[in-house]
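In order, the protein sequences belong to chains A and B.
The first sequence begins at 66 in my numbering and counts up by one.
The second sequence begins at 176 in my numbering and counts up by one.
Just so you know, the hints here were simulated from the structure itself, not pulled from any lab data.
Treat the hints loosely; a few may be bogus.
Unchecked claim - Below are the DSSO-like pairs computed for lysine-lysine, each with C-alpha atoms no more than 30 Å apart in a straight line:
| # | chain 1 | residue 1 | chain 2 | residue 2 |
| --- | --- | --- | --- | --- |
| 1 | A | 155 | A | 197 |
| 2 | A | 197 | A | 164 |
| 3 | A | 197 | A | 161 |
| 4 | A | 82 | A | 155 |
| 5 | B | 247 | A | 82 |
| 6 | B | 247 | A | 155 |
Small disclaimer: the values here were computed from a predicted structure and weren't measured.
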Amino acid sequence: MSGDTLEEWDFLVEEGKVREFARAVRDPSWQDSVPVPPPTFPVVASAAFVERLVTQYLDLDRSRTVHGEERFEYFGPIRIGQVLRCRARKVSDEVKTGKRGGRMRIVTTEVEFAERDTGELLCRETMVSIEKEAAS
Amino acid sequence: MNGPAPEPIVFAPLTRTDLVRYAGASGDFNPLHHDHAFATAAGLHDVMGHGMLSAGLLGSAVTTWFGAGSVKNFTVRFRSPVWPGDRLTATCRFREGDADGTAEVDLLLSRGPDDVVVAGVATVRLDRALAAREQKVGEK
Chain A
66 MSGDTLEEWD FLVEEGKVRE FARAVRDPSW QDSVPVPPPT FPVVASAAFV ERLVTQYLDL
126 DRSRTVHGEE RFEYFGPIRI GQVLRCRARK VSDEVKTGKR GGRMRIVTTE VEFAERDTGE
186 LLCRETMVSI EKEAAS
Chain B
176 MNGPAPEPIV FAPLTRTDLV RYAGASGDFN PLHHDHAFAT AAGLHDVMGH GMLSAGLLGS
236 AVTTWFGAGS VKNFTVRFRS PVWPGDRLTA TCRFREGDAD GTAEVDLLLS RGPDDVVVAG
296 VATVRLDRAL AAREQKVGEK
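Bound-form chain B, shown alone (with noise of 0.2 Å):
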């Protein structure tokens, strides 16, 4: 055990402008994402969040809980599609602890209780917390 589990982060609900956004800083250009006739053409009701932007918004919980430089691993599992409107809400629990300073995580992205977008596991060297800022990611 390595103390109690970090706060849980709630990021603004997601806009489509954040999926532009997401799309254009990642060159991830799949119509899917941004183009709403495409993405109804292809049977979804709106345009989907890139399952990347999710694990991001996952990896920024992390660094934002451990600090920056910190993850040493970082694995995600895509459970859900997210679409604008979506409230996400990261949480983390620790999972075991190593000598060398580091620690495994579970973490999980849901948009509700039971609902969960994505599932990962990180190892996280624990030495950069203390640099880690106070700011909340969740914020514009």
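So here's chain A without its partners, still in its complex pose (with noise of 0.2 Å):
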């Protein structure tokens, strides 16, 4: 693994959790005979590292952190039957003032997920974690 590197791991797509997921988020694909990835599937290969993301790699307090926000960007379609490489990495994490004079954590990681015969990038993932600071 590269240096700033977190975690790589592979991500087979496979069609009845493409179904699945397509059905949870009422994307209209999931009644196809095969269902096309939402935009957003790619959560789906990334759930458990975000898991350990909040609660090992960052130690965020899960109470105090909200989602800010999220970004997918495809750079090729992602399909069932693919084995994806996925790898992870934190871009920032800073410390900031808000308007009202509380200290924010602004934590930005993203995940690449990339054709693992080919190498071929498909889609970057980039999401903003914000942790509160605590009550005093």
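Two chains, each in its own frame: build the complex with the hints.
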């Protein structure tokens, strides 16, 4: 793994999982003979990592942490049957002072999803977590 | 300008079952989203919808309007939590079109007037709209 990589893992894009996810977010594709992964489907591949990110890597207090922003950039389609090579890294981790004077910790993390066999980058997911200051 | 904005999509009110279904489908088992006792002990009045469920609904509105596989970029900001019983509406406004057959759209998922829960921006391919189905995603 390269220097700033937190974790690297593989994820198989299974048809049943795509259909289950599409149904959960009410994507019309869930009833298609071959469902298409919805735009936010990569969260399925990163869910276990995100759990460890919050509890282990960042040591955030979940009761004070909110999900601020999430971004998906596509460079190619994710398809059923692909094995994705997933690589997660922390982009930034900073403390800022909010408008009302409270301090916030803002952590930006990204996961890149590449076709394992060709190495072609398909999608980059970027997430911003905001931990508010503990009440004193 | 790329023609008239697509019709708003109204999703059926969220149920606790929807939250559990999303937890299982996504793998996000934060108990705030399904365990009422845990949620109230954390100071919430009820279990809270996953932010990414709201984002997913907005994403489904985009694929309904522009077709499966139309999304090139999709960014969401979480403005307000969502609760069981909320009836959410997705709306879309064209920002600008590019010569390469894509368009930038501003997206909102709202509980009511001036009550935005998720604000988004997407870059979409316009050539997938022909393949878009007429089926409304809000129906079960």
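Right, here's what the structure says about each hint:
Proximity of residue 155(A) to residue 197(A) is assessed by CA-CA distance (about 19 Å); at most 30 Å being required, the pair is judged to hold. Distance check on the hinted pair: residue 197(A) and residue 164(A) sit about 12 Å apart at the alpha-carbon level, within 30 Å; holds. This hinted pair checks out: residue 197(A) and residue 161(A) have alpha carbons roughly 10 Å apart, not beyond 30 Å. With a CA separation close to 27 Å, the supplied pair residue 82(A) and residue 155(A) stays within the 30 Å bound.
The suggested pairing of residue 247(B) with residue 82(A) holds, with an alpha-carbon distance near 22 Å, which does not exceed 30 Å. Among the hinted pairs, residue 247(B) with residue 155(A) is consistent with the structure: their alpha-carbon atoms are about 23 Å apart, no more than 30 Å.
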